[in-house]
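Protein chains: 2
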Amino acid sequence: MSPAIATNDLPVTQYEESLIPILLPSDIYGEFQSNRLNHTPPLPSILKNPFRVVDGPATTAAGNPNEIAKLFPNLYGQPSVSLVPGHSEVKGQSLKVGVVFSGGQAPGGHNVITGIFDYLQERARGSTLYGFKGGPAGIMSCKYVKLTAELIYPYRNQGGFHMICSSRDKIETPEQLKQAEETVKKLDLDGLVIIGGDDSNTNACVLAENFRSKNMKTQVIGCPKTIDGDLKCKEVPISFGFDTACKIYSEMIGNAMIDARSTGKYYHFIRLMGRAASHITLECALQTHPNIAIIGEEVAAKNRTMKNITIYIADIICKRMELGFNYGVIILSEGLIDFIPEVKQLIAELNEILAHDVVDEAGMWKGKLRGQSRELFEFLPRPIQEQLLLERDPHGNVQVAKIETEKMLIQMVETELDQRKQRGAYKGQFQGKPHFFGYEGRCGFPTNFDANYCYALGYVTGILLHSGKTGLISSVSNLTAPVDEWTVGGTPLTSLMDVERRHGKFKPVIKKAMVDLEGAPMKKFASLRDDWALKNRYISPGPIQFVGPFANDINHTVMLELGAQFLF
Amino acid sequence: MSPAIATNDLPVTQYEESLIPILLPSDIYGEFQSNRLNHTPPLPSILKNPFRVVDGPATTAAGNPNEIAKLFPNLYGQPSVSLVPGHSEVKGQSLKVGVVFSGGQAPGGHNVITGIFDYLQERARGSTLYGFKGGPAGIMSCKYVKLTAELIYPYRNQGGFHMICSSRDKIETPEQLKQAEETVKKLDLDGLVIIGGDDSNTNACVLAENFRSKNMKTQVIGCPKTIDGDLKCKEVPISFGFDTACKIYSEMIGNAMIDARSTGKYYHFIRLMGRAASHITLECALQTHPNIAIIGEEVAAKNRTMKNITIYIADIICKRMELGFNYGVIILSEGLIDFIPEVKQLIAELNEILAHDVVDEAGMWKGKLRGQSRELFEFLPRPIQEQLLLERDPHGNVQVAKIETEKMLIQMVETELDQRKQRGAYKGQFQGKPHFFGYEGRCGFPTNFDANYCYALGYVTGILLHSGKTGLISSVSNLTAPVDEWTVGGTPLTSLMDVERRHGKFKPVIKKAMVDLEGAPMKKFASLRDDWALKNRYISPGPIQFVGPFANDINHTVMLELGAQFLF
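Chain order of the listed sequences is R and L.
FYI, full-length UniProt numbering numbers position 86 of the first sequence as 86, with every residue one higher than the one before it.
FYI, full-length UniProt numbering numbers position 470 of the second sequence as 470, with every residue one higher than the one before it.
Chain R extracted, bound-state conformation (with noise of 0.2 Å):
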């Protein structure tokens, strides 16, 4: 072990201050951050050669194409746009580029923005970058940093966003809009790139429009980030960071399988990060192959209940004993309560008399809950039931973020197996262990994929702006070839929307990509599932490596969805 470096030589920061960054002089680096700043990513061959930009025909909504059409009327029908060999018309004039990180953390980030630069550096020279700072507010309160090359250099192949921070803020109303065109205006700003999910994106179209109706100068491009993997379409194939999470996870898993395997006598119960969608659960069921994986789409679809997800957990604990095997694991989504309809209802139920009513100890509010409603309110945990009348929030409503599921499936399947025991049904001694993985897998150092996919996303960010282009989501794609192989372009915004009516309004949304219960990955699952519940097909995939043969690796999800033909 040597030294690990001081990145002293690098300028001081404060947040308050524009214009300087946000590594501190007080960081240190540790020896592996250090190692990971010489990953140079490949770019495809395309990048590499002369190339040009064509259009493809007109484009459409994912939905209400009416409504899309009136709410984006300068933009809509765009073409997509693909880069092909050839030569460009691109001029090499310099540009001016605004660049902001809004949501949550995913790992490669960094390696978007660094892509940025080294296109703006090398094909549009006397370019400036500037990062906003703290997310979307950083827009509206012009607080920025001018981004060079010794200020980037730190973060290269780095985990998190914290070059420049993050914030869940919207650029919404028209003062926010405002806010906005004053700052692109003050730094005269020929492109802003919004780094984000599926409601990021749909900011980043709202702001392309308004700058276009305006007259303005200033283009706007999305990037797909979320390691929810929940913002995808035909031409975008993933988002970035979801690789490196469902692996860190996936680590995690296969180490509690081991430790349950070892033991003999634990159900781990983890449950992944990801509220909305459960592509993260079925992307880790797939390589570690778990006793039992709930896919929240599929417990809607099926319309399943609580009493239904806690007999077919018992069911499996049962039949597994039977075969000698006393432990188990069983993972399941951060959102599998939302999509539980009897849930939603009850939890409507209680939010209503909650706000009405005094629930008094004797219980008779209970009297007001619908048959189903109550059915379930009873079959609920004690501790459970006391939090959902407790924990609320400002608003008054049941916090449903805040329920622990793996804790409550716990104490369902413990009161089931007890009933079980009693009637004879059961003989082994049940005990669960709870799990959450979320925080550790949001800022990893991001995998090789995602480091290369983000450096080849934030390059064609830089040709799209080159290209006059707005509206578009940077898209690089035929991602299951090896690098130089990927293909890239952008797509239009427009084409990956849909409305929803709120408040008697049409509402542009980019709608989530949910697992889908037809897609390869989940027909994989759906056709293995039964083997892996009653066996022991555990895989433990080990700790993300870097350098050696697996160093390359690429998630199930997307190999599948792109029709890859790979054997587990």
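In short, the hints are calculated from the structure, not lab data.
Some hints here could point you the wrong way.
Copies of the same chain look alike in the list, so a pair counts if it fits in one copy or across any two.
As the list claims (entries may be wrong) - Straight-line distance between alpha carbons at most 25 Å, and here's what the computed BS3-like set of lysine-lysine pairs gives:
#, residue 1, residue 2
1, 433, 407
2, 368, 535
3, 433, 402
4, 214, 507
5, 407, 421
6, 178, 143
Assemble the complex: chain R is given as a structure, and chain L must be docked to it using the hints.
Below, chain L without anything else, positioned relative to chain R:
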């Protein structure tokens, strides 16, 4: 990604049947698991050339030598042994050896067995190795499996103990000792190897003394296992598994640090496995530089109270707020609560009261608590109070182990900060996020260090048995040098022992090696922690690597304790 290998060519397994291994024909291996099978742990050069076993001077005991001498009349005073180059007097006769895992899992255990097996194959041809199944209970009930090359192969360099599993039983009563005697006689064992922690190695010594006192030929050798790192002495620099577990936890802590910094609004409170000693917490602190790490041994030595700890944390949070940092990472050990003298006192009083009195709603029962205990009880957050009163073990005792210390601390710090806020002394928004990192670290793939260390431990265990030694613990030293230069030998278990008085009798114990407040790791930490508290010196060490420049890194604790000088 190519197909995972199926181990269908391996024999069928049932736990119930002796002589049949535990790996199931249904087991499939992931590619990474298969790849790790190829790692060939290098042997120290002393083991690759002709060597002989030499005795050192006579030994005494860690404490109360007279009592230890009385308890172990046949073993007390044995010399330590070491290997030196030369020609062995050991004959090449074959041996019958049994091996058992005792206690919780630690990465590398399978390699100890592999090392024993390979030694016997190479240097004592015709030997037989039996694995006792399900821990020491397998010795008593004579449940075993004959370990062959085919059976052992799939476990090389893999985590977990599932080759033969483990348990926490002890062989103590005259009847249990009798059962053990019958088993070793039945199998005609020359040697018995106990792979375990402090308690299990004490048990190994008791067995060795028992067998020798009865002129039985069976020798007993112990191996130092525990992720907690609290079984060590001069000749045994570290127990195996500590290196891997700390690196897994440090990876996650490092990720949480990047997350804290990127988000800018969370304090992550991370509880780490390890009840008795705080070595894991200290090592992870040295690897990652958290803002606060609470070392139980220091809390006990300085007679700290819950209130002291709360104020210490709150003070740092306030100071960080003034520097603009409303986030941070705090690590603590699972056993922290056991180190706080006032908590021990409160729990003793609660156990007494709960056994004899009714806990009345009005709280009259609290009058029975002594002044300081009552004050502490009132200071504890409500949910913790309830947990103390409601959740009790089958003997009616308060279940300290079930208390989620990280959540308790969050609640206490929150209350303290709320009070400061009211008097204008704190203006931030405190949000604590609780984590427990435990099971996911006990069964990871052993680092190259643990894989190699364990293999050498196993190999030298074979030598010690072959040389007729008993009552020793295998030792491998000079660990900061390349493997080639490691030194090997054996240390008398009696030399690690002291006595404790229990139920009016002296009981031999290997004293747990607690964190030495004057030791090099603690001094290093103590000299740096004030700097880490306020500034961001976070290090993200990344996932364990098996190839490349970081593949052979050794943990800081071993490096510092063995006198290595290096910068952080």
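Structure-based check of all given hints:
no.	hint	verdict
1	433 / 407	both (8 Å within a copy, 17 Å between copies)
2	368 / 535	neither (45 Å within a copy, 54 Å between copies)
3	433 / 402	both (18 Å within a copy, 12 Å between copies)
4	214 / 507	within (21 Å within a copy, 86 Å between copies)
5	407 / 421	within (21 Å within a copy, 33 Å between copies)
6	178 / 143	within (15 Å within a copy, 77 Å between copies)
Hint 2 alone, counting from the list given before, is not met by this structure.
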